[in-house]
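Colleague: Turn these sequences into a full structure, and let the hints guide you.
2 protein chains.
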Amino acid sequence: MPSFNPPLRVLMGPGPSDVHPRVLAAMARPTIGHLDPVFQTLMEDMKELLRYAFRTKNRLTMPASGPGSVGMETCFVNLVEPGDVVVVCQNGVFGGRMKENVERCGATAVMVTDEWGKGVDLAKIKKAVADNPKTKIIAFVHAETSTGALSDAQAICAFAKEKGLLTIVDAVTSLGGVPLEVDAWGIDAIYSGSQKCLSCTPGLSPVSFSARAEAVIKGRNRKVQSWFMDMSLIMNYWEAQGGARTYHHTAPINSLYGLHESLVMLKEEGLENSWARHRKNHLALRAGLEAMGLELLVAEHERLPQLNAIKVPAGTDEAAVRKRLLADYNLEIGAGLGALAGKVWRVGLMGSSSTANHVTLCLAALENVLPAAGAKIKTGVAGPAARAVLFP
Amino acid sequence: MPSFNPPLRVLMGPGPSDVHPRVLAAMARPTIGHLDPVFQTLMEDMKELLRYAFRTKNRLTMPASGPGSVGMETCFVNLVEPGDVVVVCQNGVFGGRMKENVERCGATAVMVTDEWGKGVDLAKIKKAVADNPKTKIIAFVHAETSTGALSDAQAICAFAKEKGLLTIVDAVTSLGGVPLEVDAWGIDAIYSGSQKCLSCTPGLSPVSFSARAEAVIKGRNRKVQSWFMDMSLIMNYWEAQGGARTYHHTAPINSLYGLHESLVMLKEEGLENSWARHRKNHLALRAGLEAMGLELLVAEHERLPQLNAIKVPAGTDEAAVRKRLLADYNLEIGAGLGALAGKVWRVGLMGSSSTANHVTLCLAALENVLPAAGAKIKTGVAGPAARAVLFP
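Just so you know, the sequences run in chain order X and S.
Using my numbering, the first residue of the first sequence is number 64, and each one after it goes up by one.
Using my numbering, the first residue of the second sequence is number 64, and each one after it goes up by one.
These are calculated hints, taken from the structure and not from any lab test.
Check each hint, because a few of them may be wrong.
Each pair may be met inside one copy or between any two copies, as identical chains are not told apart.
What the hints assert, rightly or not - Computed cross-link-like contacts, DMTMM-like style, restricted to lysine to aspartate or glutamate with a CA-CA straight-line distance of at most 20 Å:
1) 286 to 166
2) 281 to 163
3) 386 to 99
4) 286 to 147
5) 162 to 177
6) 330 to 246
7) 226 to 277
8) 286 to 144
9) 441 to 353
If you're wondering where the values come from, they're calculated on a predicted model, not measured in any experiment.
Modeller: Written as structure tokens, this is what we have:
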């Protein structure tokens, strides 16, 4: 059996995004032991860099040793106990996954549902909390990867604080791409993914817990149901208590090299600059799409810059478009998920995939491919429209 | 903050082992999407390569997307339900972790304990099963990383089969290093780690489930408590059902490139040749250690070739030895864990760290460092003793 040599793709789907050569090079650095004193300096750096990205001073800030789903489950299994009531907002795929997590903890999920493609409606949350006075936690997705909708995390967290409730926030797609303020907004538990706007390889999930969440974890009535995700054990691995770290699991060393490098790059660019870059490239893509006559699913005030859900025009062979883009341009865009399957394409402009070249290539490739797949579009106008935004 | 540039260590601890440049190079190949059709060929190759390494035809054979602890928990949460009785063998650290897993599933762990440094005693297992007629599963560690003891997996599994019980086997340190026959021995659920005798980077945990275990998973009364580790969902991600894979989580793409390359290398060498290499290098190390006057903890018939627990001689500053080896030779060896802390060193000869040069360097470095740390050893004899085994 031969070695695996992947093709060189342009990743503009819902993640992973293009990984910068500096991050790939970091992944290939020599492995050292996870108890090596030098590795501990990497762990300390990593916590500092994640605190920078999350805008937090939270002590418990580190990458969980698994993909975003591990970050999600880490937040739920540590904060939720059997019998608890959790208000779960669902406006896409990932709210449904939160519900699964709550129920598998033996707790009750009170669902607040919004249309796919819209942000979470705070009025509905307020009603759900009023109707369920035993509510302990509000859980929601900041940036829905399945639809491209942004929710108002600041307002939801302010309401939770007012009511003395904890918040669990899915920031898998938001971290690094749009403003996110863990401390200023008072978020209690948050998780993200390495492979979206951080543009690292998939497989790690940064998490952060507020002091209030940490106290809840320490005051639990029973052990966390997952040994692997038990923060009371993990915190002693990532945080030396009384001078010595306690062995828990073997950290994914080389993946951490990669995440470290991607966070160093984020800090070099500056978080605000990264947000501005994501916004600008989104506006350029949008200008080109609209010039072509294509529409975005999400209303302007709730649109994520890093994840653009484009409505498939009537009469278009949706799958054929994705297939041609991949075959002819090595360009990956995403299909719709769940209720949106066949109805949208999802174009990611995340991290290293948020550049003028990505926008320009994607628009040109769409313009070249759409007519043969049955879409009626205006040609010759997308490029100039995008250029006017990119290079004003 | 600067990029992280690790030192070039020689990894002879309990894992990670030295990662071959081919595997590191694979880690740095361009990331592709986890739903890319080309990635599906990698997944298919991966399953075939793992079946080769595990000696199994099990359909459900794949790497869990996390370190060995995730493989362990995946086996337990899928097969154990509340109220079940599991006989758990403990002869080191990792049996204790199995107990934690069983109890966090709401089941009862009947403990069978053996001295640290000895293999699991089948007679004690027989008694435990006789005393607990509701036993459903026997769980044990094939190769105890904390002590270097090998247990007779074949005999234990034969007994389990005879009694109609399931087996869960920890093969984190055994896979690729010593004979292991999943089908021939009738193992029902097994997990390993990427960073031991496979010499990949840490962060993936190959697992395999027999048809009988798969039927138990499908016949469960309640959902698996972990959404992330629920095999009924994961199997639809790794195994196309009716032609299409179902999205579960985002696979750790580049880590899988690395594991693929390490398994290709294992297949190129041949599994039996890998076992023989591990054995030969162990015998050479042992000859050198004994010539020096050092003793191994584990009796010969239960000794793991890939993990050598060496008794710390009386009057020796145990930690100083490890510190000097790391500072002067960049050579990492392991400390004792739990009951063996301060009493042994653990020297790994795993995967790419099982070579004549590793044996030779380690013996020479020990010979140079031990006297100053207070150990009385014979000098000038270890090298020739090892050489006689390595180059007869």
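Colleague: Provide an ascending list of the numbers of those earlier hints which the structure does not satisfy.
Modeller: none
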